[in-house]
Structures are given as structure tokens and as C-alpha cells.
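My request is simple: use the sequences and hints to build the entire structure.
Here the protein sequences come in this chain order: G and L. Heads up, the first sequence is in this note's numbering, so the first residue is 1 and it goes up one at a time. Heads up, the second sequence is in this note's numbering, so the first residue is 118 and it goes up one at a time.
No lab work stands behind these hints, which were simulated from the structure alone. Since the model is a prediction, treat every value here as computed from it, not as a measurement. Just so you know, not all the hints are guaranteed correct.
To be verified - Below, in silico cross-link-like pairs of lysine to any residue (SDA-like), each with a Cα-Cα straight-line distance of 20 Å or less:
1) L/K221 x G/S66
2) L/K216 x G/H29
3) L/K216 x G/K83
4) L/K187 x L/Q131
5) L/K187 x L/E158
6) L/K224 x L/S137
7) L/K216 x G/K11
8) L/K168 x G/T96
9) G/K44 x L/K168
10) L/K221 x G/R113
11) L/K224 x G/A5
12) G/K11 x G/T96
13) G/K44 x L/V161
14) L/K221 x G/L46
15) G/K44 x L/S137
16) G/K15 x G/T96
17) G/K11 x L/E158
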Amino acid sequence: EAGVAQSPRYKIIEKRQSVAFWCNPISGHATLYWYQQILGQGPKLLIQFQNNGVVDDSQLPKDRFSAERLKGVDSTLKIQPAKLEDSAVYLCASRTPGLAGGRETQYFGPGTRLLVL
Amino acid sequence: GQQLNQSPQSMFIQEGEDVSMNCTSSSIFNTWLWYKQDPGEGPVLLIALYKAGELTSNGRLTAQFGITRKDSFLNISASIPSDVGIYFCAGQLGGGSEKLVFGKGTKLTVNP
Chain G
1 EAGVAQSPRY KIIEKRQSVA FWCNPISGHA TLYWYQQILG QGPKLLIQFQ
51 NNGVVDDSQL PKDRFSAERL KGVDSTLKIQ PAKLEDSAVY LCASRTPGLA
101 GGRETQYFGP GTRLLVL
Chain L
118 GQQLNQSPQS MFIQEGEDVS MNCTSSSIFN TWLWYKQDPG EGPVLLIALY
168 KAGELTSNGR LTAQFGITRK DSFLNISASI PSDVGIYFCA GQLGGGSEKL
218 VFGKGTKLTV NP
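Quick look at the structure:
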């Protein structure tokens, strides 16, 4: 089974520029997540999609961050304009479909490492 | 918001030694997950715990879901060099919320 795919793996931009990240979840996973992981920290949820609908975007800085999952499969996360503090790893994860007893887990992609100069 | 306190922050051990790390929270979680993250990669799920008191093993790894539902520990027995990495605990509130709250990680170094 193929894992969560992300691209690019690395990106270096200057502040105030725009950047976009792409994620392809595991086939059949309806739920997709974007996380931000700052160096030395655990991942922090930015946004959660269920199919093409947003479930939770309470921690997404909506003045500069946007995300979409138009067809309920691939997703893109955009930052416009980027700030220095956006330097982080951006992780995409997808979740197994619901099982009996609610035993569900998230599987992560390799991440995109963003450096804002 | 919910926070997880993960300790220790880092560990330096000799190959063959056992390791123990834990997470505590002021909030009750319905699920505890333990992940390992290698440099340049995303976290990989090691063990998932779904019931208070549950004790689960995965090879040399053993994890337990605390009875109070506010803590969990992970043990690694007979460590080997490939155990090097950062270990994260994550809690899921449940009750319709699938949001994972992560600890800050335990960085493990194993000296051969």
C-alpha cells in the first residue's frame, strides 16, 4: 500500500513570497490533515478535511494560509505572503476509515521542509 | 488548549539498555498514540492505545494507557542503534473530535 505522498520535499523562499505544498493521501482515506511542525516541537494541526469539506481549521492562520481539497483526494496548502516564522516542516496525514470500536489512526507523509529567508 | 508534557526531552543511552519515556496531560484522552520520527521523515506510528489500562507491545516496544486516561508511557527494551530518533506521544480527545495533540518529543541517542 502506497503511503502519503508530499511534494516538494524542500522549499526555500524569501519572506513575502508565496508557496504551495501538495499532498496525495493513502487511497481510500477520506480524512486528510495538514500539520505544521516547528523545529523542536511536535506537529500542530492546521486543518482537517473530510472528503472535500473542512472539519477543523481553528488553528489555521487564515490571513495568510489557505488549503483546499476540491475533489476530495489531493490537497494543497498555500502560504501567501510567507513570514520568517513560517519556517517549519509541513506534514500531511490521512486517516484510516472508521473501524469497529472507533480504532482509527493517522498516517503521515514525509513532509515539506520550508525555509523562509 | 490541551497540552501534553512529554519527558524526558532527550536521552543518551548505551546499546542494550532499556528506555522509558512518558506523557502526561491535564486533559482526559480517549486514545494515546506513540510515533517515531527519523530525520527528514514524517512520524511513523509505533503503538496505538484505545482503552484505559491497556498494555500493548510491538516487538521490543511496550506502551500503556494510564488508568486515569491522562498519561501514557513507552518502554523500549534492549535498545539498538536504529532506535535513534525522536519519539512523540499524541493524544486524541474523542467524542467526535479527531484532533491529535502532540507532545514535544523525546530525542533518543543510542551509543553503540
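Consistency of the hints with the structure:
1. Distance hint between L/K221 and G/S66 is unfulfilled; the C-alpha atoms sit about 25 Å from each other, more than 20 Å.
2. For the proposed pair L/K216 and G/H29, the alpha carbon gap of about 16 Å is at most 20 Å, so the pair holds.
3. Note on L/K216 and G/K83: the hinted pairing is violated, with a Cα-Cα distance of about 26 Å set against a maximum of 20 Å.
4. Simply put, L/K187 and L/Q131 have alpha-carbon atoms about 30 Å apart, too far for the 20 Å limit, and the pair is violated.
5. Taking the CA atoms of L/K187 and L/E158, the gap is near 28 Å; set against the 20 Å cutoff, the hint is violated.
6. In summary, the hint linking L/K224 to L/S137 is supported, as the alpha carbons are separated by about 12 Å, within the 20 Å threshold.
7. With a CA separation close to 27 Å, the supplied pair L/K216 and G/K11 exceeds the 20 Å bound.
8. A C-alpha spacing of about 19 Å is found between L/K168 and G/T96, which places the hinted pair at or below 20 Å, so the restraint holds.
9. For the hint linking G/K44 to L/K168, the alpha-carbon distance of about 24 Å lies beyond 20 Å, and the restraint is violated.
10. A distance of roughly 18 Å separates the Cα atoms of L/K221 and G/R113; the hinted pair therefore holds under the 20 Å criterion.
11. Taking the CA atoms of L/K224 and G/A5, the gap is about 25 Å. The hint is violated against a cut of 20 Å.
12. Distance hint between G/K11 and G/T96 is unfulfilled; the C-alpha atoms sit about 29 Å from each other, more than 20 Å.
13. In summary, the hint linking G/K44 to L/V161 is supported, as the alpha carbons are separated by about 16 Å, within the 20 Å threshold.
14. At roughly 17 Å between alpha-carbon atoms, L/K221 and G/L46 fall within 20 Å of each other, so this suggested pair holds.
15. With a C-alpha separation of about 24 Å, the suggested pair G/K44 and L/S137 falls outside the 20 Å cut-off, and the hint is violated.
16. Taking the CA atoms of G/K15 and G/T96, the gap is about 36 Å. The hint is violated against a cut of 20 Å.
17. Our distance criterion of 20 Å between C-alpha atoms is met by G/K11 and L/E158, whose separation comes to about 15 Å.
This entry does not satisfy hints 1, 3, 4, 5, 7, 9, 11, 12, 15, 16, going by the numbered hints stated previously.
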